[in-house]
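*Asks:* We have chain A already, so just place chain B on it with the hints.
Listed here are the chains, written in short residue letters.
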Amino acid sequence: MIKILVVEDERPIADLLDMSLTAAGYSCDCIDNGIEAADAVNERRYDLILLDVMLPGIDGFELMEYLAPMEIPVIFITARSAVKDRIKGLKLGADDYIVKPFEIAELLARVETVLRRYHKTESRIVVDDVVVDTQSRVVTKGGEPVSLTAKEYNLLILFLQNKNIALFRETIYERVWENDYMGDSRTVDLHVQRLRKKLGWQERIAAVYKVGYRLEVKE
Amino acid sequence: MRFAWKVTLASLCILVLSIGMGSHLLISISFRSTLNREIAVAQEEMQMLRIAYEAVCDARGITLENLAQQGKSLQRTLQGDAYFTDHQFRVSTRDGEQVYSTLDAGGDRELLEAIDGLSSGYVLRRADPAGRVLIHCAGPVSLPDGMLYMETLRDITSLFADRETHYQVYRWILLIVVGIGAAVMYALSFWLTRPIRALGRAATALAGGDYAARAQVTTGDEIGELAFYFNRMAGAIEQNVRDLEDAARRQEDFTASFVHELKTPLTSIIGYADMLRSRDLEEDMRFKAASYIFSEGKRLEKLSLSLMSLLVVGHSEADVKTVNMPRLCALAAESALPAMEAQGLRLTVSTAEGAIPGDASLLQTLVQNLLDNARKASEAGKGVSLTGEALASGGYRLTVADQGRGIPPDEIGKITEAFYMVDKSRSRAQGGAGLGLALCKAIAALHGGALRFESQEGRGTTVTVELTGVKPEGREDHA
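For the record, the sequence lines run as chains A and B. Numbered by my numbering, the letters in the first sequence go through residues 1 to 219 in order. Numbered by my numbering, the letters in the second sequence go through residues 1 to 479 in order.
Next comes chain A alone, as it looks inside the complex (with noise of 0.2 angstroms):
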């Protein structure tokens, strides 16, 4: 199981981001100031930092360069939005920012997306019979590969990232078409119908009334 570690000293949030974290699957550990970041990073081995900027003791930014040796990913998560601040955050080699206030499925999505990056999660995912390969962007059914134009791809990720959660059409569109949404769902719908049918997922992709669509696993 992957873990990860939580450093955030605002209570609020560090609940939300361990009880975000747990129902996506991974394991968690919420820390509130950095001396003690540090020495659990030194006593358990973490795959994922999720650090804040602002953290009594020493900040993050300095926990940052005492992380950075140890090439255990780091995500900053702060309210600094500043493109110095990131700027500095990058350069100190962290691999991503959020800026808060932030969005569950877009945490989510950048956290799979930095651990992707270091082959921590499973290339391969399975649901049912069909099958993912997140490195060669092949998807099969029952051995059969299906076509999936880049759209499609992407929000079949999207939904894997997010299973059992009710994804709004605003965040699906924000999500996957990158773009603010505008109030035209029919984009949206129309994606989610094609993708259901090529991959025979009309039961799966559940319609969640007046709010957008969920895709039911069990687990």
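Simulated from the structure, these hints should not be mistaken for lab results. One should not assume that every hint holds.
Subject to a maximum C-alpha distance of 35 angstroms in a straight line, what follows is the list of computed DSBU-like cross-link-like pairs (lysine-lysine) [as the list claims (entries may be wrong)]:
#1 A:Lys-210 - B:Lys-288
#2 A:Lys-163 - B:Lys-382
#3 B:Lys-298 - B:Lys-382
#4 A:Lys-151 - A:Lys-120
#5 A:Lys-88 - B:Lys-263
Keep in mind the model is a prediction, meaning the values are calculated, not measured.
*Replies:* For chain B alone, coordinates are given in the frame of chain A:
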């Protein structure tokens, strides 16, 4: 052109002019006096010859009549006399007929025509092809029955040659003096302008953004003075720039902290709301999410209220009245008491009579905030005291002392900055946004005072503020 070059050139011009004109004048004057002397000598000579000639003629009884017959013997006599052979002269009649001549150069007739009758005269000649300069003198020789004319020539070529030589020598002297002068003047002016260049370098560095640059000039003259004023100006600029940078940094810090304070609760609210709407949660999880949304929402509300009061103190007109301080302290203590008692704290209030001009509601906020801070720092069973004393100067001193946990020494300077919290997690738990003391500081400043903290970790904190009251604009201070 460099200033040193200008000084050098200007002084060289003066040098050349004065030496040139001076030496020219000197040479001319000395030449003229020598020439005059030579002329006098030449005329003297001519007179002597004339008299000698007259004497010879007189002794021989020569007249114009018998001159033709006596001419030959006279000539012999003259040729036999060493005195006459030593001198060059010519004797001729009024018409220009030559009677006797030992001249080796021909003279013209003009001089003879110019002198009339009995006078004598002279003229300078350069007619000679050899370039000689001669003084040509003429004078009458009296014979019993008429006049003959005597002419002499005196060679003064050497005089002119000397003058040329003098000019030549002076030209060389001038050249040497100018050469040495130029070198000395340039070195001197280069040395003199050194502080100006130092000043220039300092100014350039300053303009380039090096505000610590100073002119290293220690001369006691005007340039030194200028450098002193320049350095003073540079100091003022450096101070201003530092103040501006400080202000900008504080502004930036404030904005960054504000954004942080705003975004942190927003992150929770958005995150939990998103969770509630998109997932089927267990009952206890849903309760937790909803509680967080509620408490973080409350936190935002509190933040906005604190910010509002901070802005109001900074920018709106205070409602200035004479405030009775003991009554105000009693009111503040009364509203702080329930929370204190709930926490098991003892509150002692002792106030002296006194009044200052001020805004009663703001002053009450100040006292209440200080009491609130004392309460938050203290544990059950400890005491908090509020003391008020009237000052001889007309102000009023408030002191709030607690026996709480105290403030670490290196944090004291920062605690009145907006959003600063010594212990963030505890402040949060007690509902603080880090704006209380910033507000107190602003209120105290409005009433002409500043907060002073004395603290020992684990022993307690004493906050003192001396208020003189709001300065009424355009009116006498009636404190």
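*Asks:* If you draw a straight line from the CA of Lys-298 (chain B) to the CA of Lys-382 (chain B), is it 35 angstroms or shorter?
*Replies:* Holds, at about 30 angstroms.
*Asks:* Can the restraint linking Lys-163 (chain A) and Lys-382 (chain B) be considered satisfied, given a maximum Cα separation of 35 angstroms?
*Replies:* 55 angstroms, violated
*Asks:* Given the hinted pair Lys-210 (chain A) and Lys-288 (chain B), is their Cα-Cα distance within 35 angstroms?
*Replies:* It holds: about 25 angstroms lies between the C-alpha atoms, which stays within 35 angstroms.
*Asks:* Holds or violated: Lys-151 (chain A) with Lys-120 (chain A), Cα cutoff 35 angstroms?
*Replies:* Holds, at roughly 24 angstroms.
*Asks:* Within a Cα-Cα threshold of 35 angstroms, do Lys-88 (chain A) and Lys-263 (chain B) meet the stated pairing?
*Replies:* 20 angstroms, holds
In this structure, only the earlier hint numbered 2 is contradicted, and the remaining ones agree with it.
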